[in-house]
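Protein chains in written order, with numbering that gives the first Met the number 0: chain U, 0 to 295; chain X, 0 to 420.
Everything labelled a hint here was simulated from the structure, so no lab data went into it. Just to be clear, a hint being listed does not mean it is correct.
Which residues of chain X face chain U? A partial, calculated answer using Cβ under 10 Å [stated by the list, open to error]:
#1 S145
#2 K272
#3 G282
#4 A306
#5 L376
#6 Y394
#7 C402
Derived lysine to aspartate or glutamate pairs resembling EDC-like cross-links, with alpha carbons at most 16 Å apart [as the list claims (entries may be wrong)]:
#8 X:K305 / U:D249
#9 X:K91 / X:D162
#10 U:K133 / X:D390
Virtual Cβ for every residue (Gly too), placed ideally from N, Cα, C.
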Amino acid sequence: MASVASKLYADDVSLVMVLLDTNPLFWSSSSLPFSNFLSHVLSFLNSILLLNQFNQVVVIASGYNSCDYIYDSSLATNQGSDSGKMPALCSNLLQKLEEFVIRDEQLRKEVSGDGLPSSMLSGSLSMALCYIQKVFRSGPLHPQPRILCLQGSPDGPEQYVAIMNAIFSAQRSMVPIDSCYIGSNNSAFLQQASYITGGVYLKPQQLEGLFQYLSTVFATDLQSRSFLQLPKSVGVDFRASCFCHKKTIDMGYVCSVCLSIFCKHHKKCSTCGSVFGQAQSDASTASNRKRKTSET
Amino acid sequence: MNNGEKRRLNGEQEEDDDEDEGNDGGLEAWERTYADERSWESLQEDESGLLRPIDSKTLFHAQYRRRLRTATTARIQKGLIRYLFIVIDLSKAASEMDFRPSRMAVVAKHVEAFIREFFDQNPLSQVSLVTIKDGVSHCLTDLGGSPESHVKALMGKLECSGDSSLQNALDLVHGHLNQIPSYGVREVLILYSSLSTCDPGDIMETIQQCKKSKIRCSVIGLSAEIFICKHLCQETGGSYSVALDESHFKELILEHAPPPPAIAEFAISNLIKMGFPQRAAEGSVAICSCHKEAKVGGGYTCPRCKARVCELPTECCICGLTLISSPHLARSYHHLFPIVPFDEVSVSLLNDPHLKLPKACFGCQQSLLISGNKPGLRVCCPKCKQHFCLDCDIYIHESLHNCPGCESARHSKPEISNTEV
Chain U
0 MASVASKLYA DDVSLVMVLL DTNPLFWSSS SLPFSNFLSH VLSFLNSILL
50 LNQFNQVVVI ASGYNSCDYI YDSSLATNQG SDSGKMPALC SNLLQKLEEF
100 VIRDEQLRKE VSGDGLPSSM LSGSLSMALC YIQKVFRSGP LHPQPRILCL
150 QGSPDGPEQY VAIMNAIFSA QRSMVPIDSC YIGSNNSAFL QQASYITGGV
200 YLKPQQLEGL FQYLSTVFAT DLQSRSFLQL PKSVGVDFRA SCFCHKKTID
250 MGYVCSVCLS IFCKHHKKCS TCGSVFGQAQ SDASTASNRK RKTSET
Chain X
0 MNNGEKRRLN GEQEEDDDED EGNDGGLEAW ERTYADERSW ESLQEDESGL
50 LRPIDSKTLF HAQYRRRLRT ATTARIQKGL IRYLFIVIDL SKAASEMDFR
100 PSRMAVVAKH VEAFIREFFD QNPLSQVSLV TIKDGVSHCL TDLGGSPESH
150 VKALMGKLEC SGDSSLQNAL DLVHGHLNQI PSYGVREVLI LYSSLSTCDP
200 GDIMETIQQC KKSKIRCSVI GLSAEIFICK HLCQETGGSY SVALDESHFK
250 ELILEHAPPP PAIAEFAISN LIKMGFPQRA AEGSVAICSC HKEAKVGGGY
300 TCPRCKARVC ELPTECCICG LTLISSPHLA RSYHHLFPIV PFDEVSVSLL
350 NDPHLKLPKA CFGCQQSLLI SGNKPGLRVC CPKCKQHFCL DCDIYIHESL
400 HNCPGCESAR HSKPEISNTE V
């Protein structure tokens with residue numbers, strides 16, 4: 000039995016966690032309509048499932064206000080839809096996606112004020128990693144997991160710490176994060192994510208041919224990748240943004256206690272409350288700061 | 000990618016090893032006679048007096064929660080830039096075979112794991128290895144930030160002889176640590192096998208010197224408690240512990256990996272000027288300033304003098320600016336913005352039929368129902384009120400450092416950015 004099982008889960012069986020950007024604020028301004036994008040992605044998902052009968056695809060939507068699982072091929076039933084017009088994958092996924100987008104929209108009404116038009120990438124990355132840990136726990140025989148971010152919205156600077164945490168956790172568990180960025184400028188978050196975890200970062204030039212990009216670059220399993228010439232990174236932006244003004248800087252000051260980054264010299268660290276260049280830090284302000292930070 | 004694959008295999012092997020140590024299942028028959036077979040400890044009596052195996056999962060989780068509680072009481076100010084000397088006692092006591100195969104081999108094995116874990120948690124810190132042999136101490140490696148070079152040097156020099164001298168080791172370390180910048184946390188971790196110390200002078204004076212230089216000395220003993228070690232740790236603010244067996248030793252040494260709380264008298268906080276170089280495109284050719292060689296691809300450009308360096312973190316050899324990449328700093332940010340421990344959902348709440356509890360873990364979609372469609376054990380994030388399974392709870396707090404529930408809700412965001420600014 001064991002030998003049969005190990006044959007089933009050879010090294011070319013993949014689990015692809017697809018993080019789908021459904022941010023309405025981005026898609027309303029995009030040159031590629033969301034429906035076209037979706038048809039490219041659906042054909043791509045189908046082709047992954049066709050490559051190996053044990054391949055698994057999980058789709059997580061990252062919306063403007065929330066994230067949720069919208070498709071899991073291991074749970075999907077194999078029968079076609081009632082009408083027989085659409086394959087089960089499409090109908091299941093589209094139905095869940097529609098429900099998700101409506102829910103996401105409702106949440107937006109509850110929360111007043113307009114934030115940055117970023118999507119909740121940090122949330123969907125965290126969920127994907129939790130799911131992958133579940134797969135790792137399931138036993139020594141499991142498909143090789145990887146994460147594919149299909150992202151269009153710009154980076155949300157407030158998600159920086161969370162996304163970096165997720166990237167390091169993925170790196171520790173050897174999960175590559177691939178990213179296909181369809182927005183206008185490069186995404187520094189996704190460039191770093193792919194560089195650190197050993198994934199591929201791609202910014203397609205011609206969005207009409209998205210399916211071709213996806214299928215040539217992201218469809219192959221991790222084992223076969225070593226034989227392919229995949230797109231190389233064109234320089235990664237490793238500059239940091241300072242904590243005080245959220246400006247991107249290439250030279251700055253770093254607090255020796257907490258490693259917070261500042262663009263100019265301060266007398267006191269606003270994150271941890273240390274006073275610089277003095278042996279004794281003011282105990283009362285330090286404890287104040289501490290309480291404030293632990294609330295967040 | 001090839002490299003990555005190899006590492007993945009290694010990682011899996013390590014995981015397997017860990018499991019084996021946990022349940023002693025991987026021992027060979029001949030090894031079992033040496034290992035303590037406390038098989039009775041893995042049984043418990045239930046209410047009807049029958050013997051049953053212990054429910055290890057809940058036990059493990061309870062242990063983890065205890066760990067979490069002690070960890071979250073720590074203060075936010077931590078000494079993140081550490082200069083650590085690891086002193087390894089290679090006197091003849093290290094060849095004792097009460098640890099299998101010998102104390103020395105066990106120490107070397109766990110020091111290797113410790114060094115890797117240390118650099119993972121303290122990316123800007125430096126380590127140096129010191130050995131004591133024949134009553135003399137030697138600096139095996141100078142302070143440096145590359146785990147590979149330390150591990151390689153240690154594995155090449157594993158032989159023991161003679162007596163051990165605590166004073167010689169402390170004097171050597173003291174000389175080195177006196178030169179490091181004032182913002183660094185100075186630490187010594189001594190792995191002491193022998194039961195005595197053979198010193199040329201008054202060790203009490205040396206201890207006082209270390210105390211004056213604000214060097215935090217910690218000792219892990221492998222034999223029995225020794226007064227002089229205890230005195231040293233008490234005086235310098237370190238911790239002293241004696242390992243009972245190999246797994247206990249591993250636990251004790253890994254306790255030194257997370258950054259210690261910063262104590263104002265120990266390290267003076269300071270702002271350090273640093274540069275964040277950009278990585279050049281793959282395929283670009285440049286002469287690097289560190290090796291003076293033309294290299295294709297990779298490499299980083301110093302933002303101040305535009306010199307090319309190969310590796311980060313480093314100091315620019317032209318202008319002396321400390322060069323790091325933002326991911327190096329970000330690695331330690333979870334110490335600054337820790338996530339709150341999750342609350343266990345009480346049994347009474349679970350049994351309340353009127354409440355509609357989530358059926359699946361928010362993180363991994365694992366079903367939270369136990370047999371008979373009753374809600375099972377779970378934890379709940381106090382902020383976003385999402386429910387998680389116990390496995391996700393551990394993963395979230397020990398590796399991910401993000402709450403998926405809080406991260407996937409927009410409204411919690413403004414709060415954080417306000418306090419950060």
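Hint check: 10 Å Cβ-Cβ cutoff, A306 (chain X) to chain U
Hint violated; A306 (chain X) Cβ to chain U Cβ min 14 Å, cut 10 Å.
Below or equal to 16 Å on CA atoms is what counts here, so check K91 (chain X) against D162 (chain X).
Within the cut-off at roughly 6 Å; holds.
With a cut-off of 16 Å on the C-alpha distance, tell me whether K133 (chain U) and D390 (chain X) pass.
8 Å, holds
Checking hints one by one. Is Y394 (chain X) an interface residue toward chain U, by the C-beta closer than 10 Å rule?
Hint on Y394 (chain X): holds, closest Cβ of chain U at ~5 Å, below 10 Å.
Once the shortest beta carbon distance from C402 (chain X) to chain U is found, is it less than 10 Å?
With a closest approach of 7 Å, the C402 (chain X) hint holds.
Hint check, G282 (chain X) versus chain U [nearest Cβ-Cβ separation less than 10 Å]
7 Å, holds
Pair hint outcome, K305 (chain X) versus D249 (chain U) [Cα-Cα no greater than 16 Å]:
Holds - the C-alpha atoms of D249 (chain U) and K305 (chain X) are around 12 Å apart, at most 16 Å.
So, K272 (chain X) near chain U? Judge it on the closest CB pair being under 10 Å.
6 Å, holds
With chain U as the partner, please determine if S145 (chain X) meets the hint condition of a C-beta pair closer than 10 Å.
18 Å, violated
Under 10 Å is the threshold here; is the Cβ of L376 (chain X) close enough to any Cβ of chain U for the hint to stand?
Violated, about 16 Å.
Comparing the model with each earlier hint shows violations of hints 1, 4 and 5; every other hint is respected.
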